[in-house]
Amino acid sequence: MNHHLRGPQLPPSRGPLSAAVTAYLSGTGPLPRPADAAGADPYGDDAQLALYLCYELHYRGFAGVGPRFEWDPELLRVRGALEDGFLAALRADTPGHDSLDDALGALLVEPVEGTGVTHFLRDEGELWHLREYAAQRSLYHLKEADPHAWVLPRLWGRAKAAMAAVEFDEFGGGRADRVHARLFADLMADLGLDTAYGRYLDAAPAPMLAVVNLMSLFGLHRDLRGALVGHFAEVEITSSPGSRRLAEAMRRTGAGPAAEFFYDEHVEADAVHEQVVRHDVIGGLLAEEPELAGDVAFGIDATEYLEDRLARWLLTRWRAGRSSLRTPLEAQMAHTS
Amino acid sequence: MPNESADDRARRITMRRGGPLLVEGPVEIELEDGTTVSSDRFRVALCTCRRSRRYPWCDTSHRRKG
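Same order as they appear, the protein sequences are chains P and S.
Residue 319 in full-length UniProt numbering sits at position 319 of the first sequence, and the numbers go up by one each step.
Residue 38 in full-length UniProt numbering sits at position 38 of the second sequence, and the numbers go up by one each step.
No wet-lab data here; the hints were simulated from the structure.
Nothing here was measured: the structure is a model prediction, and the numbers come from that model.
Keep in mind that the hints are not guaranteed to be accurate.
Just so you have them, the derived chain S footprint on chain P, three or more residues with Cβ under 8 Å [to be verified]:
#, region
1, 168-177
2, 238-250
FRET-style restraints, in silico, Cβ to Cβ [unchecked claim]:
#, chain 1, residue 1, chain 2, residue 2, range
3, P, V112, S, T35, 56 to 66 Å
4, P, L152, S, Y55, 32 to 42 Å
5, P, L315, S, R51, 25 to 35 Å
6, P, L152, S, T14, 50 to 60 Å
7, P, P290, S, I29, 19 to 29 Å
8, S, T14, P, A196, 34 to 44 Å
Okay, derived cross-link-like pairs now, DMTMM-like style, lysine to aspartate or glutamate, Cα gap no bigger than 25 Å in a straight line [unchecked claim]:
#, chain 1, residue 1, chain 2, residue 2
9, P, K160, P, D223
10, P, K160, P, D146
11, S, K65, P, D308
12, S, K65, P, D146
13, P, K160, P, D41
14, P, K160, S, D33
15, P, K160, S, E32
16, P, K160, P, D123
17, S, K65, P, D98
18, P, K160, P, E248
19, S, K65, P, E248
20, S, K65, P, D101
21, S, K65, P, E304
22, P, K160, S, E30
23, S, K65, P, E110
24, S, K65, P, D102
25, P, K160, P, D308
26, S, K65, P, E265
27, S, K65, P, D264
28, S, K65, P, D223
29, S, K65, P, E288
30, S, K65, P, E291
Think of the CB as a built atom: it goes at the ideal place given N, C-alpha and C, for glycine as much as any other residue.
For reference, chain S alone in the conformation it holds in the complex:
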């Protein structure tokens, strides 16, 4: 997001029980195998349940099945 002060303040990460971590973008993420992925979205949702087929990005696979 175009926000000139974005670099001056702490980056906010929001935790949701049973859901993804929300991180203010842009982000670059180093995966276990040493490769990196990046996103310039204003906010990204990081998978915490490890079920995402687009890991590390959330794809809502954490949802309850009914």
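With the rest of the complex left out, here is chain P:
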């Protein structure tokens, strides 16, 4: 009876909340009570997957799940409880900078001896690390810049024009073969990964889900437009040097030309985007709504906090010679580089 067969499969659940949301979307069971959602570990696998399932209905949905679930009031109530828990945890745990200038200033200093994930991958990364990295990052990159498009109606004037210009670049400048999500699919193909949207959702650990859920949270709430802009600034400012290290890792391991090109393109594109976002998107927004400066700083700091958690997760496992994924990747398919 259900004709909505496109989209990824619903993933296996990771606990009672995600099991109940999955059952509800499949028409086989009731939702969790909002009180249950409120009591869960906000960073844990179960709550993060439940939230991810709710958010994904706003992007491409799931095979067999009717598109009208996107605005199902009962589901939105559960989503709201999950969001409240996530946001409260972030506000409590995120080490906040005193001012937006401090938050931005910290991002603009390049560590002399970096210890992050991209440094690890540049210096010691093997192909299997790069494949794991790309598989879980695909949760975002296959919808790259999509959550940020939701902020456009909430901006105007200089901020809107600048944000739209950066998004135009992210979406390939009018050319389908240059859409960044497409460039990432090409990278995945070089790495012998499956490029199907949503394919690695089940493999991705909670810290990766949290990074993507943060963007959806900020993007879907007008109330959090300042945080979305701060989040976007964090991504664009840190992208250029990080992408250079990843491009070097792809070159050193012979990952393939598309894998190198994705990060080479981001070195150059994001050196521009950073300037535009800092001066025109943030500058334009705060010229209109100066009271949002604290929210912009929160968006930066919350993004850094969740990226640090993900980095710890990845590096702890990789340094111990273990997989960072919940389910192992299939053996690498042959490619022609």
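We have chain P already, so just place chain S on it with the hints.
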């Protein structure tokens, strides 16, 4: 960027202390050795510190190290 009036007005170049020159694209740049590079991006960031490994494009190498 699709902007029909782009050719009618002066091209804006934005200068940033300690950072790149921002130039409205598309651009074609002639380098010292006579070769040219081009970009059709809506805006390009041109390296002024000469440290970029993707010269003439900025790659954020001007950033302070800490």
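We went through each hint and held it up to the structure:
Check on the region 168-177 of chain P: 4 of its residues sit with their Cβ under 8 Å from a Cβ of chain S, so the three-residue criterion for coverage holds. A stretch counts as covered by a chain when three or more of its residues have a beta carbon under 8 Å from one of that chain; for the region 238-250 of chain P and chain S the count is 3, and the coverage holds. For V112 of chain P and T35 of chain S, the hinted distance range of 56 to 66 Å is not satisfied, since their beta carbons lie about 34 Å from each other. For L152 of chain P and Y55 of chain S, the hinted distance range of 32 to 42 Å is satisfied, since their beta carbons lie about 34 Å from each other.
In this structure, L315 of chain P and R51 of chain S meet the distance hint of 25 to 35 Å, their C-beta atoms being roughly 28 Å apart. Checking the proposed 50 to 60 Å range against L152 of chain P and T14 of chain S shows it is violated: the Cβ atoms sit about 23 Å from each other. Range check, P290 of chain P to I29 of chain S: Cβ separation about 38 Å, and the 19 to 29 Å hint is violated. Separation of T14 of chain S from A196 of chain P is about 42 Å and conforms to the stated range, judged on CB atoms against 34 to 44 Å.
A hinted pair counts as satisfied when its Cα atoms are at most 25 Å apart, and K160 of chain P with D223 of chain P qualifies at roughly 16 Å. With a C-alpha separation of about 15 Å, the suggested pairing of K160 of chain P with D146 of chain P holds against the 25 Å cut-off. For the suggested pair K65 of chain S and D308 of chain P, the alpha carbons sit about 20 Å apart, so the restraint of at most 25 Å is met. With a C-alpha separation of about 32 Å, the suggested pair K65 of chain S and D146 of chain P falls outside the 25 Å cut-off, and the hint is violated.
For the proposed pair K160 of chain P and D41 of chain P, the alpha carbon gap of about 36 Å is over 25 Å, so the pair is violated. This hinted pair does not check out: K160 of chain P and D33 of chain S have alpha carbons roughly 40 Å apart, beyond 25 Å. Using a Cα cut-off of 25 Å, the hinted pair K160 of chain P and E32 of chain S is violated, with the two alpha carbons roughly 37 Å apart. The suggested pairing of K160 of chain P with D123 of chain P is violated, with an alpha-carbon distance near 39 Å, which exceeds 25 Å.
Between the alpha carbons of K65 of chain S and D98 of chain P the distance comes to roughly 22 Å, so the proposed pair stays at or under 25 Å and holds. Restraint check: the Cα-Cα separation between K160 of chain P and E248 of chain P comes to about 34 Å, which exceeds 25 Å; the hinted pair is violated. Distance hint between K65 of chain S and E248 of chain P is fulfilled; the C-alpha atoms sit about 20 Å from each other, no more than 25 Å. With a CA separation close to 17 Å, the supplied pair K65 of chain S and D101 of chain P stays within the 25 Å bound.
For the hint pairing K65 of chain S with E304 of chain P, the CA-to-CA distance comes to about 19 Å; that is within 25 Å, so the pair holds. Pair hint K160 of chain P plus E30 of chain S does not hold up; C-alpha atoms about 33 Å apart against a cutoff of 25 Å. Between K65 of chain S and E110 of chain P the CA atoms are separated by roughly 5 Å; this keeps the pair inside 25 Å, and the hint holds. A distance of roughly 16 Å separates the Cα atoms of K65 of chain S and D102 of chain P; the hinted pair therefore holds under the 25 Å criterion.
Of the pairs offered as hints, the one joining K160 of chain P and D308 of chain P is violated, with about 30 Å between alpha carbons and a cut-off of 25 Å exceeded. About 23 Å separates the Cα atoms of K65 of chain S and E265 of chain P, which keeps this hinted pair within 25 Å; it holds. For the suggested pair K65 of chain S and D264 of chain P, the alpha carbons sit about 22 Å apart, so the restraint of at most 25 Å is met. The straight-line distance between the Cα atoms of K65 of chain S and D223 of chain P is roughly 35 Å, outside the 25 Å bound, and the hint therefore fails.
Of the pairs offered as hints, the one joining K65 of chain S and E288 of chain P is violated, with about 33 Å between alpha carbons and a cut-off of 25 Å exceeded. At roughly 31 Å between alpha-carbon atoms, K65 of chain S and E291 of chain P are farther apart than 25 Å, so this suggested pair is violated.
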